[in-house]
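**Student:** With the first letter of the sequence shown counted as 1, position 24 gets the number 24 in the numbering used here; the numbers rise by one all the way through.
Calculated directly from the structure, the hints in this document are not laboratory data. Fair warning: there could be bad hints in the mix.
[What the hints assert, rightly or not] Below are the PhoX-like pairs computed for lysine-lysine, each with C-alpha atoms no more than 20 Å apart in a straight line:
id, residue 1, residue 2
1, Lys64, Lys21
2, Lys76, Lys114
3, Lys51, Lys30
4, Lys51, Lys64
5, Lys5, Lys30
6, Lys30, Lys76
7, Lys101, Lys51
8, Lys5, Lys51
9, Lys76, Lys5
10, Lys51, Lys122
11, Lys122, Lys76
12, Lys76, Lys51
13, Lys64, Lys5
14, Lys30, Lys122
15, Lys122, Lys64
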Amino acid sequence: SHCVKLENFPEILGDMECLSKLYLDLTAIKELPASIEHLSSLRLIILRDCKNLTSLPNSICSLKCLQTLILSGCSKLDLLPENLGNIECLEELLLDGTAIKHPPSSIVRLKNLKILSFHGCKG
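Hey, can you work out the whole structure from these sequences and the hints?
**Tutor:** Right, here's the structure in full:
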């Protein structure tokens with residue numbers, strides 16, 4: 001993280017079953033590849049303050065082990081995947097300072113969600 005010039009995250013060509021945490025905060029990433037679904041053991045994704053991030057791939061909703069998704073400060077992010085409610089283990093979703101106006105309706109299916117924050121959303 002804190003690699004302010006990192007603009008692209010590579011395609012994931014195979015399963016990386018041992019990777020459980022992904023820290024990409026304060027990078028210049030615009031999007032994650034759809035192949036993020038191959039990181040099937042991810043429990044934590046931090047994309048805090050990725051000012052160029054505009055969207056998340058729908059495939060992120062295939063990450064069944066994901067517990068924490070931090071998107072705070074992603075000021076260009078204005079939409080979440082419609083099937084976000086498929087992330088069964090999600091406990092923490094931080095969206096502070098994003099441009100999100102409406103969460104997807106599937107959010108009501110996040111039965112394990114303990115923390116949901118929209119503080120300071122500009123949407």
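**Student:** None of the hints should be skipped; say for each whether it holds.
**Tutor:** Tested hints:
This hinted pair checks out: Lys64 and Lys21 have alpha carbons roughly 14 Å apart, not beyond 20 Å. In summary, the hint linking Lys76 to Lys114 is not supported, as the alpha carbons are separated by about 25 Å, beyond the 20 Å threshold. Under the criterion of a C-alpha separation no larger than 20 Å, the hint pairing Lys51 with Lys30 is consistent with the structure, at around 8 Å. Between Lys51 and Lys64 the alpha-carbon distance is near 26 Å, which puts this suggested pair outside the 20 Å criterion.
Between Lys5 and Lys30 the alpha-carbon distance is near 11 Å, which keeps this suggested pair within the 20 Å criterion. Simply put, Lys30 and Lys76 have alpha-carbon atoms about 9 Å apart, close enough for the 20 Å limit, and the pair holds. This hinted pair checks out: Lys101 and Lys51 have alpha carbons roughly 17 Å apart, not beyond 20 Å. Among the hinted pairs, Lys5 with Lys51 is consistent with the structure: their alpha-carbon atoms are about 12 Å apart, no more than 20 Å.
Under the criterion of a C-alpha separation no larger than 20 Å, the hint pairing Lys76 with Lys5 is consistent with the structure, at around 17 Å. With a C-alpha separation of about 13 Å, the suggested pairing of Lys51 with Lys122 holds against the 20 Å cut-off. Among the hinted pairs, Lys122 with Lys76 is consistent with the structure: their alpha-carbon atoms are about 10 Å apart, no more than 20 Å. This hinted pair checks out: Lys76 and Lys51 have alpha carbons roughly 6 Å apart, not beyond 20 Å.
For the hint pairing Lys64 with Lys5, the CA-to-CA distance comes to about 30 Å; that exceeds 20 Å, so the pair is violated. For the hint pairing Lys30 with Lys122, the CA-to-CA distance comes to about 19 Å; that is within 20 Å, so the pair holds. Restraint check for Lys122 and Lys64: not satisfied, since their Cα atoms lie roughly 29 Å apart, outside the 20 Å limit.
Violated hints, in rising order: 2, 4, 13 and 15; the structure is consistent with all others.
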